[in-house]
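**Student:** Oh and the sequence shown: position 202 is 207 in the numbering used here, straight run, nothing missing.
Calculated from the structure, these hints are not laboratory results. Ideal placement from N, C-alpha and C gives every residue a C-beta, glycine not left out. It cannot be assumed that every hint is accurate.
[Unchecked claim] No more than 30 Å apart at the CA atoms, straight line, and that leaves these computed lysine-lysine pairs for DSS-like: (1) Lys153 to Lys7; (2) Lys258 to Lys367; (3) Lys284 to Lys367; (4) Lys308 to Lys271; (5) Lys256 to Lys315; (6) Lys292 to Lys338; (7) Lys350 to Lys308; (8) Lys292 to Lys177.
[Said to hold, decoys possible] Estimated spans, in silico, between C-beta atoms of each pair: (9) Arg200 to Asn120: 32 to 38 Å; (10) Ser96 to Thr63: 52 to 58 Å; (11) Lys246 to Glu25: 50 to 56 Å; (12) Asn90 to Glu304: 19 to 25 Å; (13) Gln375 to Lys258: 39 to 45 Å; (14) Ser96 to Ile28: 21 to 27 Å; (15) Lys153 to Thr63: 52 to 58 Å.
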Amino acid sequence: MKYDEYNISQKEIRLLEELEDLIGDPLPIVKNINWDTYGIKIENGRITGLGLYSKNLTFLPDNFGDLVNLRELYLTNNQLTYLPNSIGKLSKLEILWIIDNRLITFNENICDLTNLRILWITECWIGNLPECLGNLRNLRIFNFNNNKPLSSLPKSFGNLINLEELHLRGNKFSSLPDFIGNLHLLRKINLQCNRITSIPENICNLKNLQALHLDVNELTSLPKEIGNLQNLKFLDAYGNKITFIPESIGKLKNLIRLDLDENLLKDIPDTLCNLINLKDLGLSANKLSFLPDDIGQLEQLRKLSLGLNKLFNLPESFWNLHNLEWLSIRNNKLELLPEEIQNLKKLHTLRIARNPLKSHPKSLKNLRNQGCDIDIS
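The whole structure should be built from the sequences, with the hints applied where relevant.
**Tutor:** What follows is the structure, given as structure tokens:
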């Protein structure tokens, strides 16, 4: 027997053999387990990891809970419609990773896995989460992306005080519960592609938050005190209906990327020019007719997207953005570009097409000679 040399228990051996019969393929022994692994990991005579990648499984054996030493379980790209109740016996499990299956219900026995650090169930069809979810107080990462019917979190979710990452992309949330603001260790929140119309103000209590992804929702504004998120590095909210940016945004001194493409902005606050570490600013497809006079203070900018607006001119300080590498000002109402455009010596991409330019500055030739790809057609 191939498992004899590892001193694995007879219960575990029977379970492994049953899995191999179901799959029709022997389970290799591997050193490391991740989401696309097929095999088992054995440490000191104990099965600590199992990956069943892409084996067309429709169910797991009822005695699956006999793998009592399992710490990592990956069930990617199968056809599972349910999990056996014995999964609740995997008391040492730290990572449960289920991607692209056909689960429609959340097995409440998962709530007994109090050592779980990562719960990753995506590309399924789970519409409701149980109150017992709050028992998983050691969770660090909760990923329920693309469970399309999911529209709410249980109240007990507020008990997950050790949570660092919350991923809810591609569901049907229209709002977030206030208790999100109590999960003070959160570093990343992904709410892309939902139906969210507003963000609770107390999300601004999350002092450790570094990334907030709000793209493709139905937001009309950002929280007034968003500037309290002093550690925020990435703020993405493209594809919403946002009409104004709070003045407090200027306090986000650690912000690296701000993406507000495809909104309804008519102006941006002067305080935005205080974001001295900003490298990527997206403001395309809005209704902007002017920019703050001091936009040139954003000296770290590498990428600036201003296409599809109503800009008539650019402030003098604009040409102080010496670190710009990518610039789009296409589809605006610009009639004039000054020779100072040659100050942007690091540009490798320039998009200025579809403006009513009366003439082109001679210095464009210098930029071309430096290797800049210029679209003026």
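**Student:** Against the structure, test the hints numbered earlier, and report the numbers of the ones violated in rising order.
**Tutor:** 1, 2, 10, 12, 13 and 15
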